[in-house]
Each structure stands twice: as C-alpha cells, then as structure tokens.
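Engineer: First residue of the sequence shown: 1, per the working numbering; consecutive thereafter.
One or more hints might be untrue.
Think about it this way: if two alpha-carbon atoms lie no more than 27 Å apart in a straight line, the pair counts; the simulated DSS-like pairs of lysine-lysine are [stated by the list, open to error]: (1) LYS10 <-> LYS41; (2) LYS15 <-> LYS41; (3) LYS16 <-> LYS41.
What the hints contain is simulated information worked out from the structure, not anything from laboratory work.
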Amino acid sequence: MTTGQASLGKAWITKKAREIVALGRELLGGNGIVTDFHVGKAFCDMESLYTYEGSYEVNALIVARDITGIASIRPASRL
C-alpha cells in the first residue's frame with residue numbers, strides 16, 4: 001500500500017464519518033444536541049477532527065500529489 005492509497009482511505013473515512021454523525025444528529029432532532037445522548041459529543045469530536053486538525057485536507061493534498069506528481073506545498077528554502 002502506498003502513502004497515497006492510505007491517505008485516500010483516511011480522507012474518505014473522515015468525510016463519511018462526519019456525514020454519518022451529522023445524519024444521526026439530524027435523526028434525533030432536538031435530542032441530538034442534549035447531553036443525554038452521545039451524538040452531540042460525537043458530532044463535536046468529528047467536527048474537530050475534520051476541521052481543526054485538518055485531517056481531510058492534508059490527506060487530500062497527499063492524494064493529489066500522488067496522482068499528479070506535483071506537490072502543492074514545497075519546503076521553504078534555507079537562507
């Protein structure tokens with residue numbers, strides 16, 4: 001398995017997990033945000049993983065580099 005393939009799997013599962021937790025919250029309606037159910041916490045956890053940690057975007061950049069051979073981020077040159 002290559003780095004690009006692993007990153008593709010990570011990006012896909014992060015996106016799908018976010019969609020599934022959002023659907024669970026939507027299905028519960030108002031109960032999806034109360035503390036009696038763990039869906040609200042799971043939704044917040046997935047949002048932080050997806051947005052704050054940048055897991056999806058970083059893995060998407062790795063997949064794009066693997067497909068095109070062009071890196072979107074280059075290391076800074078040393079002075």
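Engineer: Could you run down the list of hints and mark each one as holding or not?
Structural biologist: A quick look at each hint next to the structure:
Only pairs whose Cα atoms come within 27 Å are accepted, and LYS10 paired with LYS41 is accepted, the gap being roughly 21 Å. Restraint check: the Cα-Cα separation between LYS15 and LYS41 comes to about 17 Å, which is no more than 27 Å; the hinted pair holds. Taking the CA atoms of LYS16 and LYS41, the gap is about 17 Å. The hint holds against a cut of 27 Å.
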